[in-house]
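**Q** Here is how the chains run, residue by residue.
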Amino acid sequence: MAIGLGCTARPGKSRDNRTGSWRVFRPEFTAEKCTKCGMCKIICPEGCIAEDEEGLPVPDYDYCKGCGLCAEECSSEAIEMKKEEK
Amino acid sequence: MLEIMEGSHAVAEAVGYCRPQVIAAYPITPQTHIVEALADMAANCRIDAEYITVESEFSALSACLGASAAGSRVYSATTSQGLALMFEVCFNCAGMRLPVVMSIVNRALGAPLSIWNDQQDSISLRDSGWLQLYAEDNQEATDLHYLAYRVAEDHRILLPAFVCFDGFILSHTYEPVDMLTQEQVDGFLPPFRPYQKLDAADPISFGLFASPDYYMEFRYAIDQAMNRARTVIPEAGKVFSEMFGRDYSGLVEEYRLDDADCAIVAMGSICGTVKDAIDDMRNVGKKVGLLKLRAFRPFPVNEVQKALKGVSTVAVLDKNISLGSKGAVALEVRDALYGTQIPVYDFIIALGGRDVRKKDIAAVVAHAEAGKGDTYYGLREEVLK
Amino acid sequence: MNDEAACVLFDSGHRACGGCAAAMAARLILDAAGKDTIVVSSTGCMEVFSTPYPETAWNVPWIHSLFENNSAVASGIVASLAKQGRKEKVIALGGDGATFDIGILCLSGAFERGHDFTYICYDNEAYMNTGIQRSGATPYDASTTTSPAGSCSSGNPRPKKDLPAILAAHGAPYVATTSIAYPPDLKKKVEKAVRTPGPCYIQIHAPCCTGWGFEGEKSIAIGKLAIETGLFVLYEMENGVVTKVKKVVRKPVEEYLIEQKRFRHLFKPRRNDAEIAKIQAIADRNAEKFGIDIKLKK
Chain H
1 MAIGLGCTAR
11 PGKSRDNRTG
21 SWRVFRPEFT
31 AEKCTKCGMC
41 KIICPEGCIA
51 EDEEGLPVPD
61 YDYCKGCGLC
71 AEECSSEAIE
81 MKKEEK
Chain S
87 MLEIMEGSHA
97 VAEAVGYCRP
107 QVIAAYPITP
117 QTHIVEALAD
127 MAANCRIDAE
137 YITVESEFSA
147 LSACLGASAA
157 GSRVYSATTS
167 QGLALMFEVC
177 FNCAGMRLPV
187 VMSIVNRALG
197 APLSIWNDQQ
207 DSISLRDSGW
217 LQLYAEDNQE
227 ATDLHYLAYR
237 VAEDHRILLP
247 AFVCFDGFIL
257 SHTYEPVDML
267 TQEQVDGFLP
277 PFRPYQKLDA
287 ADPISFGLFA
297 SPDYYMEFRY
307 AIDQAMNRAR
317 TVIPEAGKVF
327 SEMFGRDYSG
337 LVEEYRLDDA
347 DCAIVAMGSI
357 CGTVKDAIDD
367 MRNVGKKVGL
377 LKLRAFRPFP
387 VNEVQKALKG
397 VSTVAVLDKN
407 ISLGSKGAVA
417 LEVRDALYGT
427 QIPVYDFIIA
437 LGGRDVRKKD
447 IAAVVAHAEA
457 GKGDTYYGLR
467 EEVLK
Chain V
472 MNDEAACVLF
482 DSGHRACGGC
492 AAAMAARLIL
502 DAAGKDTIVV
512 SSTGCMEVFS
522 TPYPETAWNV
532 PWIHSLFENN
542 SAVASGIVAS
552 LAKQGRKEKV
562 IALGGDGATF
572 DIGILCLSGA
582 FERGHDFTYI
592 CYDNEAYMNT
602 GIQRSGATPY
612 DASTTTSPAG
622 SCSSGNPRPK
632 KDLPAILAAH
642 GAPYVATTSI
652 AYPPDLKKKV
662 EKAVRTPGPC
672 YIQIHAPCCT
682 GWGFEGEKSI
692 AIGKLAIETG
702 LFVLYEMENG
712 VVTKVKKVVR
722 KPVEEYLIEQ
732 KRFRHLFKPR
742 RNDAEIAKIQ
752 AIADRNAEKF
762 GIDIKLKK
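Residue numbers (my numbering), protein chains in the order written: chain H, 1 to 86; chain S, 87 to 471; chain V, 472 to 769.
I should point out that these hints are in silico values taken from the structure, not numbers from a laboratory.
Treat the hints with caution; some may be incorrect.
Simulated crosslink set (DSS-like; lysine-lysine; CA at most 27 Å straight-line) [stated by the list, open to error]:
| # | chain 1 | residue 1 | chain 2 | residue 2 |
| --- | --- | --- | --- | --- |
| 1 | S | K283 | V | K722 |
| 2 | S | K283 | H | K13 |
| 3 | H | K82 | V | K695 |
| 4 | V | K722 | V | K732 |
| 5 | V | K663 | V | K632 |
| 6 | V | K695 | H | K36 |
| 7 | S | K283 | V | K558 |
| 8 | V | K632 | V | K554 |
| 9 | V | K718 | V | K768 |
| 10 | V | K506 | V | K554 |
| 11 | V | K715 | V | K760 |
| 12 | S | K458 | S | K392 |
| 13 | H | K36 | V | K658 |
| 14 | V | K695 | V | K749 |
| 15 | V | K554 | S | K283 |
| 16 | H | K33 | V | K695 |
| 17 | H | K83 | H | K36 |
| 18 | V | K560 | H | K13 |
| 19 | S | K444 | S | K373 |
| 20 | S | K283 | V | K766 |
| 21 | H | K36 | V | K715 |
| 22 | V | K739 | V | K717 |
| 23 | S | K392 | S | K372 |
| 24 | V | K732 | V | K695 |
| 25 | V | K732 | H | K82 |
| 26 | H | K83 | V | K732 |
Modelling step: build the complete structure from the supplied sequences, incorporating the hints.
**A** Below, the structure is given as structure tokens:
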């Protein structure tokens with residue numbers, strides 16, 4: 001790897017760090033309860049909740065740290081934190 | 087065109103011809119005439135630069151850093167306390183490989199407060215990764231700015247540069263200076279072509295932090311660039327010489343050194359006095375010569391070894407003192423001559439603007455030849471009592 | 472500005488604590504500002520968790536120089552862009568340490584000179600990255616490692632520095648406070664600041680789960696309590712005049728304090744009524760000054 005002159009870097013490299021490995025609890029999404037308000041996607045500090053064509057949340061478990069904010073803030077209780085078995 | 091000019095004004099004109107896009111500087115004696123002259127040029131549209139009246143030197147260099155990263159050629163100037171305040175930013179600029187050029191109008195550091203000349207300020211930043219060039223007279227002070235931009239911005243180098251010249255002695259004196267024209271400078275110094283820059287069309291991150299796994303390699307890379315400067319500076323100096331007839335192709339300059347028994351090593355305006363003193367000594371048969379250092383960083387090791395090969399005594403004039411040790415130039419000359427038997431004597435001289443006359447140079451030579459060296463020259467015993 | 476792009480402008484894989492409000496702020500700020508933005512970060516949590524070489528989470532041009540000079544670096548960038556005829560917006564981003572304390576010289580200078588940029592402070596009320604030491608933004612009685620609660624101290628002895636007022640006094644055309652607890656409010660204010668010419672200031676209240684002592688999932692809940700108790704007021708100032716204030720049905724400060732370890736000493740081993748009353752008085756003064764109380768009809 002050529003060194004970035006003056007300690008610079010191009011975009012995209014943070015994705016090499018799969019922060020999903022940090023997780024103890026994992027958010028489980030229940031589509032039937034989801035009102036598609038989009039709040040979980042907006043507030044996720046990792047930015048790892050995407051949206052499918054129907055507007056339902058699609059979590060990226062490679063990066064989800066299991067912080068629980070989405071479950072805490074979901075107004076329709078459609079997200080539940082479950083202890084992850086590894 | 088030959089004009090009688092105050093050093094500061096000559097430098098300001100030269101900087102103007104270099105077409106900086108952003109100038110950020112904080113006034114400090116004895117640099118003030120430079121920044122005032124540039125402000126005047128900007129106010130009269132003689133230069134096309136954004137002139138930022140920053141609130142401190144720390145901000146001055148920080149603003150230059152930002153502007154350089156965004157893709158502009160930049161300029162600042164400072165001295166002494168101002169440079170000390172910029173300490174952190176200096177290391178940052180060099181580490182980020184931004185080719186900022188800054189005039190250092192050499193002045194002593196407080197305490198005690200002094201506005202007068204010595205070279206402690208720039209020398210105290212010798213570890214920082216900035217190229218350091220020292221001028222003997224106003225002509226050289228002027229010309230070295232063109233050289234500094236060209237070398238700093240060279241993609242083989244990409245290091246910031248100090249152009250150092252002695253405060254008051256050069257900055258506030260009038261000497262004949264042959265000013266180049268805008269066309270001539272444009273022919274020597276092409277427009278700034280950044281290696282990388284802040285640009286939404288091609289985003290990069292500048293200034294990441296480096297863990298122990300990476301930090302050393304970044305520092306080594308700067309040293310490699312410093313090494314390349316040993317050839318890039320003479321290369322640029324040779325082009326300048328061919329274009330304009332003044333030769334800055336040497337990291338050092340020799341004066342009557344060929345058959346010298348005693349060599350004086352010095353930097354900056356003191357070299358003018360030394361040359362005159364040498365002429366007087368030569369007239370009565372003393373074989374003395376001068377090795378003038380034009381570049382202090384990178385330190386011209388090979389040139390020093392080659393130039394001093396045949397001498398029997400070396401007297402180094404240090405307008406600085408690394409308190410608790412020796413003068414910086416002597417330490418580096420000794421290192422260059424390691425392995426030879428040539429005695430190198432360190433003379434701490436002219437600190438805080440104390441005047442140096444030809445007779446003082448003769449006295450230094452006499453001291454060195456009598457083996458009496460590593461001393462402060464000219465201490466006033468009556469003050470010490 | 473679609474949210475897919477927001478995910479992309481500040482990317483996953485950064486090393487912030489789970490539930491980090493600063494990370495939320497970074498995403499929301501870039502969503503509001505867009506890709507034609509140059510970000511100047513100070514040393515601090517956001518810089519450290521986003522850029523360990525060779526990784527960077529920033530997909531906009533980004534620069535970090537020192538702890539205290541992001542405003543000065545931003546000044547230089549703005550000048551350079553003007554000279555080059557370029558249109559990118561410049562946002563200087565700093566924590567409360569960089570903004571309130573060590574960087575205030577550069578901040579004051581940049582605002583006095585009137586450069587066209589936006590300064591955004593993510594205010595987690597202490598020097599978090601170095602281990603939770605107090606700053607000028609640390610609220611009264613908060614326990615930090617350099618203002619710890621102890622047998623002869625009830626924590627930080629000074630009130631929060633009123634930096635928005637200081638910068639409004641510099642003639643900033645737009646100054647606003649907001650919170651990650653209210654993402655639409657945050658984005659609206661950032662958008663407004665970025666499009667307002669001149670130096671604008673946004674202070675984002677960013678509850679720090681690690682530094683304040685609560686679970687990461689509660690970052691937004693805690694943030695809301697800060698506003699609902701009146702200890703942090705959401706308002707806008709235009710040319711020095713307060714124009715908009717978020718009104719609340721006020722809750723007693725206790726409901727906010729008791730949730731955080733940094734205020735635990737006010738409750739255990741015994742309630743410190745006198746100090747809680749002082750904090751309530753701060754909230755009451757804020758309420759009075761800004762008129763935040765919703766008057767309920769009896």
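**Q** Are the Cα positions of K458 of chain S and K392 of chain S separated by 27 Å at most?
**A** holds (25 Å)
**Q** What's the verdict on K83 of chain H and K36 of chain H, does the C-alpha distance respect the 27 Å limit or exceed it?
**A** Judged against 27 Å, a Cα distance of about 25 Å means the pair holds.
**Q** Keeping to a limit of 27 Å between CA atoms, is the pair of K83 of chain H and K732 of chain V held or broken?
**A** At roughly 25 Å apart (the allowed maximum being 27 Å), K732 of chain V and K83 of chain H satisfy the hint.
**Q** CA of K283 of chain S to CA of K558 of chain V, is that 27 Å or under?
**A** holds (15 Å)
**Q** Can the restraint linking K632 of chain V and K554 of chain V be considered satisfied, given a maximum Cα separation of 27 Å?
**A** Since the Cα atoms of K632 of chain V and K554 of chain V sit roughly 36 Å apart, the hinted pair is violated (cutoff 27 Å).
**Q** Given the hinted pair K283 of chain S and K722 of chain V, is their Cα-Cα distance within 27 Å?
**A** violated (50 Å)
**Q** Could you grab the alpha-carbon distance between K36 of chain H and K658 of chain V and see if it respects the 27 Å cut-off?
**A** holds (20 Å)
**Q** Regarding the pair K663 of chain V and K632 of chain V, is the alpha-carbon distance no greater than 27 Å?
**A** holds (24 Å)
**Q** CA of K36 of chain H to CA of K715 of chain V, is that 27 Å or under?
**A** violated (30 Å)
**Q** For K82 of chain H and K695 of chain V, compute the direct alpha-carbon distance and say whether it is at most 27 Å.
**A** holds (26 Å)
**Q** Taking only the CA atoms, is the gap from K392 of chain S to K372 of chain S under or equal to 27 Å?
**A** It holds: about 22 Å lies between the C-alpha atoms, which stays within 27 Å.
**Q** Just to be careful, I want the Cα atoms of K554 of chain V and K283 of chain S compared with a cutoff of 27 Å; is the pair within it?
**A** Distance ~15 Å between K554 of chain V and K283 of chain S Cα, so the pair holds.
Going down the numbered hints, you'll see the structure goes against 1, 8, 20, 21, 22, while the others check out.
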